[in-house]
Structure formats: C-alpha cells, structure tokens
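Read top to bottom, the protein sequences are chains E and D. Numbering-wise, the first sequence is residues 1 to 274 according to the working numbering. Numbering-wise, the second sequence is residues 1001 to 1136 according to the working numbering.
A portion of the hints provided could be inaccurate.
Calculated cross-link-like contacts (lysine-lysine; reagent style BS3-like; alpha-carbon spacing at most 27 Å) [unchecked claim]:
hint, chain 1, residue 1, chain 2, residue 2
1, D, Lys1037, E, Lys3
2, E, Lys164, D, Lys1048
3, E, Lys14, E, Lys3
Cβ pair distances, simulated, as ranges [stated by the list, open to error]:
hint, chain 1, residue 1, chain 2, residue 2, range
4, D, Lys1088, E, Gly226, 49 to 57 Å
5, E, Glu112, D, Lys1048, 50 to 58 Å
6, D, Asp1054, E, Glu112, 55 to 63 Å
7, D, Ser1076, E, Gly191, 31 to 39 Å
8, D, Ile1116, E, Glu44, 48 to 56 Å
9, E, Thr27, D, Ile1116, 31 to 39 Å
10, D, Val1124, E, Ser160, 30 to 38 Å
11, E, Lys151, D, Leu1066, 18 to 26 Å
Think of the hints as simulated: they come from the structure by calculation, not from any bench. We put the CB at the ideal spot given by N, CA and C, even for glycine.
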Amino acid sequence: MDKRINDLGQIIEKILPEVDGVLGLKTGPGGIVAPHLFVKERPEELELMAIWPKEPLPSVIRLIQQAHPEAKLAVVCRGCEERGMVEMFKHAQLNLNNVTLIGLQCTQEEAEFCRCAEPFTVHAKMIVGQPIEGVADPLTEKIAAMSQPEKLAFWKEEFSHCIKCYGCRNICAQCFCNVCALEDETWVQTGHLPMGNPSMYHLVRAMHMTAKCVACRECEETCPVGIPIAIHFRLIARDVKEMFNYETGAVIDQKPPQLLVLEEGDYERTGLPH
Amino acid sequence: MIEYKNILTTCPYCGTGCAFNLQTLDGRIVGVLPAKKHVISEGGLCIKGWNAHDFVYHKDRLTRPLIRKDGQLAGSSWEEALTLVAGKFSQIKAESGPDSIGFLSSAKCTNEENYIVQKFARAVIGTNNVDHCARL
C-alpha cells in the first residue's frame, strides 16, 4: 500500500478538528474516486480516503468557498493543483488566506503519466511523500519539432475528432469566466459535427489559457476522443516564460502578464464578453 | 457543517451507460464531474452528460402531474392522474382491443424500468406494441 495514504490520513486527522473541512479524494461505489470534503463530524470517512486518480480540486475548493466565504478549509494538493490555486488567487477566484495547503508529492509513475515538469508543491507547509524531479514531455517535444505543414496536418487530424463536448473547458479550474467566448456563435459554430472550423474552438481556448494553464492535464484526461490538447498550452507557456518571465502559479506575488497594465484597485465587470 | 460530496450515477440521456459524479454542496446538486476509471466512459462525457444536472432545479420542470381540462393543463394529484390513466386504458382496451394501445419507452430509463414497461404492455394490456422513443 502507498505509504502516502497513511501519512496523509494522519495529517488530515490532526487538522480536521481545527478546520471546517479538508478537501481530498474518497473512493466511492465501484472503486470510483471523487472529490470529497472530510469533516470532523464524520472522521470515519477517512478510511475511504484516496489519492489517485487526481481530480480538479481547485475548481471544487472555489465552489465551496464561494458558498462559504468565511470557512476555514484545507485542501490536499499536488504540484499542479497548488499552481492552479495560486493562479486562481491572483485572479480573485480564491481566498488562499482561508485555505491550508497539504502538499501531496507525485510519484515517478504519476509524473510520467502526466508528462509533468513540476510534480511537486512549493508553497504547502505540510508535505506528504518525497518530492521528485520533473520528467520529460516527449509528446510535446515531438510536436514542437515538427515543420509547419506537419503541425497543421497533425492538428487538423486531431481536431477532426472533436465532438465539442466542452469537457476540456468544463473540467478546467482556470476556466472561470462568467461569459465564455466559446459559447458565442460569432466564434464557434453550433449544430454541426465535425465543426466547420474546429481551430476556432481550440485556438480561442488556447489563447485564453495563456499564462493560466498550470499543466494539470485534466483536459486531456477528460477528452473523449483523446486529443492531446495540453500540448498547446505547454508550448504557449514556453513563450510566456520567454516573453514575460512568468511561470503560471509559481510565485504568489508576481502579477500575471494579463493584469500588468491594470492599476491596483477594485474593478467592476463591464458586462461585455471577455 | 459544510457538506460537499459526490454521488456516482449513470447518465440519464442515451443508452451508452456513461457514469459521472453529481457534485452536491449542502444537499443541492451543483455540477457534474466525469468518473475517471469508469469502465464505459473512462473519464469522458459528451455535452449532454456534462449538462445532465441542469434540468434538476429548472423552473420549467414538472413537479406534479398535469391533466388537460377544457383545453387547459391544470395541476392535479398523482392519485387523480393515475386513476384517470388507468380508467382510460381500461376503456380503450374494452372498446377497441389491446392492440389499439402502444408503448414507447426510453433510453433515459433504466433497464429495469424498460423491462417493467414491456411487461405492463404484454401482461396487463395484452399487446406487443412496444417500441423506443427514438421512433416518436
């Protein structure tokens, strides 16, 4: 049995009385794992605590916090989820001051599954498991090395399978806009599959994930037709690093490039699509 | 106490049998999460599955039976509605025979519910007129 489960269980048990809930994963019927808020009133549920497969916990913590803004919460997070929450904090989607981070370090096997360059947490004070180094992403390198026509042919083929389920957007913790451009018929055609111009959906989304994607790969995992979508975001992340010296979710007090031109202060929504 | 949990269920739309988790917060359904490692859907969903929770609290959702009286739909009790339906079935069967009645069931029902529909058609009404909602 994975030693991390025991260690994590002990940490959660310890902090459970001090918080309103600890968000983690729980095994349900048929061995299906899902996010779950462990609470002090039901400590016995910890027996079903799980750590894999990972789930989009940053979205869930946001959901809970929006309904309970004053709640003291803790969340079990992997490197990608920690980056996700940091980025959501910067975009005023989460109040990290009310959230205790419990950093779960990924194993070599998990990191390779996600082709992850940073399978470790950096902000969490409490740590479970041993941090390991990042692994290579051969798939992204393969696409990056292609010629322009090869890339075009590759993505045309991949996009032709898209059934427009919007799963990649729905699962994404960083997709929190009130008004989504992908639901605007000006940009994305409705009523036809395959889409007449699928790159409108996928490339609009890729642009919108600039300096937001934290490489959690949930989008790829939920894609019913297996499009390796995260490759876009990872290649764009390289550009963002190069142009703005910005790494998504890495440094809490570094402003994201999208917000650089704004002055400090409160902003009201314009109501326009953004 | 804050209560956030997920309830595993089967998608109500087509007959594929995809599974997802209904996210519930303080007793209300707030979203859908695909079920990774599920043997059928393997963590994926189509657009209908992703939005399968939307109708639950929809204002247009029927919460009680309606009976058309004088051309207008009016709310009624289950007792009154079921009595009316049973009475009409008996009347039509007596007047025009069992084969004047047909049953259209649905992929949105479970296997067991569909079984009951065909059993009711054959054993109670006495007809083999059983088909699928896609023929409607």
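Let me make sure I understand: some of the numbered hints might not hold for this structure. Which ones are they, in numerical order? Violated: hints 5, 6, 8, 10, 11.
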